[in-house]
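Chemist: The residues making up each chain are set out below.
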Amino acid sequence: MPNLKDLKNRIASVKSTRKITKAMQMVAAAKLRRAQDAAEASRPYTERFTAVMAQLAASVGGSDSAPKLLSGTGGDQVHLLIVMTAERGLCGGFNSNITKLAKVHAQKLLAQGKTVKILTVGKKGRDALKREFGSYAVGHIDLSAVKRVGYVNAQDIARDVLARFDGGEYDIATIFFARFENVVTQHPTAQQIIPAKFEQAADADVTLYDYEPGEEEILADLLPRGVATAIFSALLENAASEQGARMSAMDNATRNAGEMIDKLTIQYNRSRQAVITNELIEIISGAEAL
Amino acid sequence: MANVQFDLVSPERRLASVAASEVRIPATEGDMTAMANHLPTITTLRPGVLVVVHDGGADEYVVSGGFAEISAESVSVLAEQALPKGEVTQGIYDQMVADAEAALKAARADATGDDGKAVDAAKALSDTVAIGAAIGLTTRV
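Chain order of the listed sequences is A and B.
Position one of the first sequence corresponds to residue 65 (the numbering used here), numbered consecutively onward.
Position one of the second sequence corresponds to residue 373 (the numbering used here), numbered consecutively onward.
Careful: at least some of the hints might be erroneous.
[Said to hold, decoys possible] Subject to a maximum C-alpha distance of 30 Å in a straight line, what follows is the list of computed BS3-like cross-link-like pairs (lysine-lysine):
id, chain 1, residue 1, chain 2, residue 2
1, A, Lys-132, B, Lys-477
2, B, Lys-489, A, Lys-261
3, A, Lys-132, B, Lys-489
4, B, Lys-489, A, Lys-181
5, B, Lys-495, A, Lys-132
6, A, Lys-327, A, Lys-69
7, A, Lys-95, A, Lys-178
8, A, Lys-167, A, Lys-261
9, A, Lys-178, A, Lys-164
10, B, Lys-477, A, Lys-211
11, A, Lys-95, A, Lys-79
12, A, Lys-211, B, Lys-495
None of these hints come from the bench; they were simulated from the model.
Build the full structure now, drawing on both the sequences and the hints.
Modeler: Here is the structure:
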């Protein structure tokens, strides 16, 4: 049976752990709000952008001269997986869910005899993939110095991704990130960004637009931006998901710490009583012996 | 006079959403003014100053490229980077010029013969420099 002092120390240490997890939970809640606001603010841009792109793609997509970013290189041999994770841990299954999805995807491609290249964004994804897929890694983008993701960060990543595409390093690029649904649910998602895919709008109220300059020039100008936009919205979704996941993970941790404190306190009180009873027995039996 | 619904959005925020009587857009192939019942048009933007005229006066925004979607009732401008004119300080402007210069240098470095990229970048730089003159900031030559 542990002695009283040990128990007391243990309770104190669990209590300070609970303070830390509680603080982390509150910080995550505040950051989550900011991340959600940022995601909300980017939505009008992304929606309009996608709508215009879909329309352009529908009218130009069929022709032979369509840009490669839209029609693809013609092959699907080399796949680039862009795995976007957090820079920090302690956020429940957030990072491992994304990397797990990426791993499954990579294994499937490898089984089909395709070539896989991996670009990681965020330290945790790189660490998780290093052992199994380290040899496929072609690059890593560090965002640990970035406090708040901006469009500039997305542009930097997009520039890297596009330079590799222009260099003929891969045929198909897919991003992996967690789509934010609510605080308890985040869906790890794979989205193909090169060649770009657009869902055709079902309600086809197609306005005929005049294009200035020509359709194809505009498309060639917009497609690289589309890559940046897709990456940007993935970064924002990821930021919100990370904070949401951390918040619920820390909430659980705080609750567990509370339960543990209760249990230890009961144990502590019982041992204390046992010690007192013991002492009393000793005193009484000592007195009787006289 | 009929108004058009004007929206200016950048990836990071929505900057404006007003009923405007006219919008002057710095398009790639020259400035254009959009008013109500304009022919539906999609155009790309060059770095420049965008002017929105509405009941309460005129607002000016500095945009750094993107595109505009114009229809009979609405004008949506999707800018890569956009700031109200008043928020563009000398520091921000210098940074914009420096970025354009860096882009030009990069484009020249990997220009393979008749690549139009360097030409585009040079044009973007001169457009960016012209913004400074238009909004009254000191321009470096």
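Chemist: Compare the structure with each hint and give your call.
Modeler: Status of each hint after checking the structure:
A C-alpha spacing of about 26 Å is found between Lys-132(A) and Lys-477(B), which places the hinted pair at or below 30 Å, so the restraint holds. Note on Lys-489(B) and Lys-261(A): the hinted pairing holds, with a Cα-Cα distance of about 26 Å set against a maximum of 30 Å. Restraint check for Lys-132(A) and Lys-489(B): the C-alpha separation of about 17 Å stays at or below 30 Å, so the hint holds. At roughly 28 Å between alpha-carbon atoms, Lys-489(B) and Lys-181(A) fall within 30 Å of each other, so this suggested pair holds.
Note on Lys-495(B) and Lys-132(A): the hinted pairing holds, with a Cα-Cα distance of about 25 Å set against a maximum of 30 Å. With a C-alpha separation of about 16 Å, the suggested pair Lys-327(A) and Lys-69(A) falls inside the 30 Å cut-off, and the hint holds. This hinted pair does not check out: Lys-95(A) and Lys-178(A) have alpha carbons roughly 40 Å apart, beyond 30 Å. Distance hint between Lys-167(A) and Lys-261(A) is fulfilled; the C-alpha atoms sit about 23 Å from each other, no more than 30 Å.
For a cut-off of 30 Å, the pair hint linking Lys-178(A) to Lys-164(A) stands: about 19 Å separates their Cα positions. Note on Lys-477(B) and Lys-211(A): the hinted pairing holds, with a Cα-Cα distance of about 29 Å set against a maximum of 30 Å. Distance restraint check for Lys-95(A) and Lys-79(A): the Cα-Cα separation of roughly 24 Å lies within the 30 Å cut-off, and the hinted pair is therefore satisfied. Our distance criterion of 30 Å between C-alpha atoms is broken by Lys-211(A) and Lys-495(B), whose separation comes to about 33 Å.
Hint check: violations occur at hints 7, 12; the rest are consistent with the structure.
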